[in-house]
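Engineer: The residues making up each chain are set out below.
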Amino acid sequence: MRHSFHFFKPLSAVASGIVITWIGCSSAYGLNQFSYVSSCSTCQTTADFVTSAKAAARGQESSGVYQIVSTAVPESAYVQITGTTVRGSSGETRFVISSAVPIDSNGNSLAASSESANESFYATLDQVAFGADRSAPQTVNEPEEYAGSFINSLEEEVVPGIGAALIQKGINPGFIKDGTIITVKFADGTTAQYVKVSKTSSYQWTWTGIAHNKDGKLMNRDGSLVANPNTSGGGGGGFSGPGFGPGVTDFFFLSSAGLCSFGGTIEFGDGETLFSMSNGPC
Amino acid sequence: MSTNDKLFRHIGRAFVVGAVLLATVVVWRAQTLRAPLPSEQLPPAIRDNISNAGPAALVPAGSRLPRTMEPTPAAIDYKKSFAEAHDYWDYAHRLLPAAKAGNADAQFYLSRVLERCDEDNRMYFQRRGQKIGLDEGLQYAVKRHLSIEVAQSVYDRCHEFQENDSADLGSASDWLARATAAGQPIAKTTTASKLLLQDLQENLARAGGVPNPNTKARIETDSDPRSLFRSAVRSKDPEVLFLIGEAQGLLYPASSDSSVSQFAWLLVACQRGFDCSGDAVWVKNSCGDNADCTSSVDPIDRVRKLAGDQWPVVQQRAQEISAKLDAGRWDELGLGSAAVPSSSE
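In order, the protein sequences belong to chains A and B.
If you count the first sequence from 1, position 139 lands on 139 in this note's numbering, and the numbers rise without skipping.
If you count the second sequence from 1, position 119 lands on 1119 in this note's numbering, and the numbers rise without skipping.
Hints should not be assumed to be uniformly reliable.
[Stated by the list, open to error] Okay, derived cross-link-like pairs now, DSS-like style, lysine-lysine, Cα gap no bigger than 30 Å in a straight line:
1) B:K1305 to A:K169
2) A:K185 to B:K1216
3) B:K1324 to A:K169
4) B:K1305 to A:K214
5) A:K185 to B:K1131
Because the hints were derived from the structure by calculation, they are not lab data.
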């Protein structure tokens, strides 16, 4: 599987424009620690992600939160690493890890959860981070006649608009499986994540709670910004990889150092790009 | 003739007359009992008995009560009566006695009516939380390119839920829980899907780090979704098969294979009688007023179009699922193993 690093490409294309203005992280986990993103070509289970995070932490020689994005399956995980750097008799340094715990976006440990529950969480986290299912990513431009902005919009208008937008693209909404997240773009530049919840009911999509204003800042439905308790802290990381689904040529991921936010972009073969930022614990 | 002879003769005549009179009374009484009796003239106790019988309460709306009391009333096909109901308010009230009496099918379809009318009324006949009438609702549906036929149908079936207090009917979630506990297969599958969606909503809140706007009261059950699916699939009910297919993306969220499984289960459900025609509500809800989206030569053709390039694999998987269903190889259906039986099975 192709796995290459194009860290400067996403930074120049996206991070300089959006990450700098990013303040969106409502996490109660406001510790302002080091955060880092890296990829893993074999990760699927909790043990895989923890092993990969430990390797990344040794490389960075730092405690903190490591977001590991699998390039084998559409899953991502947060692993909190605690350790210390020790110096040997000859002066060399070595990072000794004392704990590695998978956590959620609020910093809660996943250690007590079952493996199947954790893997479901990793799949959801991946979709939230990228704003799409990397197996079959879709972008939806909400028709303006339904809702021109997400701010103060109605589900009774946004939801039928999603179906209409998909049909306009030649996609039968019935094709999309339940649990799939899509990012809906509105005419005024606001975006919101929706998840497919039913094939049969009149409400086939529901809002996930994640929306951004036209500047990429996390917001509530009324347009007010979501406060971010994380305002400092080091970190970084990024990578690029191939897409899983048809039409996807590339995706990359990066962290915005110091702001505890993580972003992903999916580039489609037709030149369309889907960018998403999400909260991260740090 | 002696006095005794006269006495015996009088007694004999009296006996004959009495016998004739008795016979007349018996015949008259028998005819009276068989004669039609308007329901409003039935004594309250008898009316209650008929009502509590459940099935007898489900005669078509507007028809009279049965004229004879059958000793063993035929079982009601609740699925059929639900499909044929044109007024869910009336239907729900006719289901209520049987649901209260513990009939699992009545409980499930009562929960479905309550949930469906709540959702459909909000989608078609409310705007910013305010109720709107038929004309405005139809115009609103046209504006959003929703099926006008579905909108009219929602009004016909559900408008009385907007106009009346339905508290006496109970809650959809409560009836679903009772039907699930009683082993109703579609109820079990519906609950399993809701549990998976509940897990998804919780994961979304934990992954996004923001409150989830769709948080609902937790479903209280000791069963896990897979055990509920595994138990329900034994019924081979086409709707159960359809719902299991719909849940594949939730059961296996990171698997690229879940799309194939989804369409395979859908194909099996269509082949076994689930309504996959262009008239099916689930098709119209997906397609809105787009005729190209709803039209298909036949239901199987609909699945073929949905599956696209995956169609050959979907057909193969569907054959495997059908074979396993027919052979009762439940543990091989991708719904987990029954090695540790759950309390629901």
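Engineer: Please go over all the hints and tell whether each is borne out by the structure.
Structural biologist: Structure-based check of each hint:
1. Proposed proximity of K1305 of chain B and K169 of chain A is supported: the alpha carbons are some 15 Å apart, at most 30 Å.
2. Annotation: proposed proximity of K185 of chain A to K1216 of chain B holds, straight-line Cα distance about 27 Å (limit 30 Å).
3. Our distance criterion of 30 Å between C-alpha atoms is broken by K1324 of chain B and K169 of chain A, whose separation comes to about 37 Å.
4. In summary, the hint linking K1305 of chain B to K214 of chain A is not supported, as the alpha carbons are separated by about 37 Å, beyond the 30 Å threshold.
5. The hinted pair formed by K185 of chain A and K1131 of chain B meets the criterion: a straight-line CA distance of about 29 Å does not exceed 30 Å.
Hints 3 and 4 from the list above are not met by this structure, while the remaining hints are.
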